[in-house]
Amino acid sequence: MFGYEFMRQAFVASTFIAITAGLVGVFVVSRNMSFLSHTLSEIGFAGASFGILVGISPLAGMILFTLISSIAVGSLSSESSRREASISAISSLFIGLGILFLSLSSESSSYATNILFGSIVGISGHEVKQLLILALFVIFIFIIFYKPLSFDSFDHLGAQAAGLKTRFLSIAFLVTLALSVSIGAQIVGSLLVFVLLTLPGATAKYLVHTVPKMIMVSVGLSLAGVWLGLYLAFITNWPVTFFISTFEVIAYFCGLTYKNWKLNH
Amino acid sequence: MIEAKNLTKQFGSQVVFQNLNFKIQTGEFLSLIGPNGSGKTTLVKIMMGLEKKSHGELIIEPAQTIGYVPQFRNIDLDYPLSVEEFVRLNLKFTLSPTKRQDDNELIKEILEKTGLTKIKDRPLGLSSGGEKQKAYLAQALLNNPKILILDESTASLDVEVKMQLMDLVQELNQKYKLTVIFITHDYELTKKYTKRALFFKDKTLIEVPVKDVSEDMFEMGG
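Those protein sequences? They're chains A and B, same order as listed.
First residue of the first sequence? That's 1 in the UniProt record's numbering, and the numbers climb one at a time after it.
First residue of the second sequence? That's 1 in the UniProt record's numbering, and the numbers climb one at a time after it.
These are computed hints drawn from the structure, not numbers from a lab.
Since we're looking at a predicted model, the values are computed, not measured.
Hints are supplied without guarantee of correctness; some may be wrong.
[As the list claims (entries may be wrong)] Which residues of chain A face chain B? A few of them, derived with a C-beta cut under 8 Å, are:
| id | residue |
| --- | --- |
| 1 | 146 |
| 2 | 150 |
| 3 | 151 |
| 4 | 155 |
| 5 | 163 |
By construction, the Cβ of each residue, glycine as well, lies at the ideal position given by its N, Cα and C atoms.
Make a model of the complete structure from these sequences and hints.
Laid out in structure tokens, this is it:
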């Protein structure tokens, strides 16, 4: 399958997407932000449609929208119930906007399907380069803030008590989350990018008990999912997202079962 | 030594406390008592630099590290980190192998000190209330603080576990001359472990020797 240029590109792009999503996912789960990452992917859809409408790239539109909204969320009240409610209101609005932007632009409906559900053929060499740079940027931010971010994500009150600048960390994290959503959506699609951003991290939580190990397991499951997904999509011509989400969901339930089994033994 | 001179805190026009004057000597073990909402946690936050004072002075000499064990933690049954990894969260980032070696030694020592060595690999979420409190304590002790502030750390524990935890704190206080400020609503523990109480009443703070601490001081909203 590597005889095809588009498959090679899809493979490189997915590898970096999986590494980023697996890494970021551990923190999404520990910060209880699964729901927010879902909403950001819907906002990303609106951003991509907006990009098409005004003639910038869908990726640029996505980054623009997700960055602005993630910073807005970071400045919202830290009251989590209120945050959840505002997020779901915002999410409905953006789905609506996304559909409006698409209908105003002259692109065909298959383009919308690609944004929403992802595609392995839709990615160009130029876009792969953009993804690589963004993914490396996200990984770089994580290396720099690894210690304080782990502290804040796994023990927010302890981090506050130790005098960490938790508000700054929260915004830095949301920015990387926004970027991860935008890059992940290129292959998996904006509707299901949160699969990669939540499930491997959640599975890792059931299997291992240190932050570095959780990152390794999460990145491993994420990579296994996209590689397997690409291969199966190539030989069956079925959507790649279907295989990725099925794999991650199965892994998640295996992890949950393992944890429950271990609790009883 | 910690010394407050006419220390006042207000949020807008609402006065939390005013004109606090007190001294805490190095190596003291004292309790900070008073009804809910009387300003205990706010005072502690000012000591730690997490909140700004409105007027007056607060001197901490020499500039000392404070270990604070907060009142609430979000540790549920699914919390994934092991006891050791949880304690480790408070370590500073380092690339140096010698520093890393030192950190490992330090972790080992703290786990030993707090009696957590046996359960260090167990997920914290599956540990008992007392073990969790010990882990919080261990994490706060990691940066070698000279002052330790316990914010109602014994509130949800049963009597025997409470005593164990307090015995441990007392040992640390005596062995390492650790100043301990114990925020509590527990009359028995105040009597048994502390020498002196700082009692919040009518927006100010009264110093009470432990023999004069009475049960009714814990009844107002406690």
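A quick look at each hint next to the structure:
Restraint check, residue 146 (chain A) versus chain B: the minimum CB separation of about 7 Å is within 8 Å; hint holds. For residue 150 (chain A), the interface hint holds, the least distance from its beta-carbon to any beta-carbon of chain B being 6 Å, beneath 8 Å. Among the interface hints, the one on residue 151 (chain A) holds; its C-beta lies about 4 Å from the nearest C-beta in chain B, closer than the 8 Å criterion. With 8 Å as the threshold, the beta carbon of residue 155 (chain A) comes within range of chain B, its nearest partner Cβ sitting at about 5 Å, so the hint holds.
Hint status for residue 163 (chain A): holds, given a least beta-carbon distance of 7 Å to chain B, under 8 Å.
Violated hints are absent here; each numbered hint is respected by the structure.
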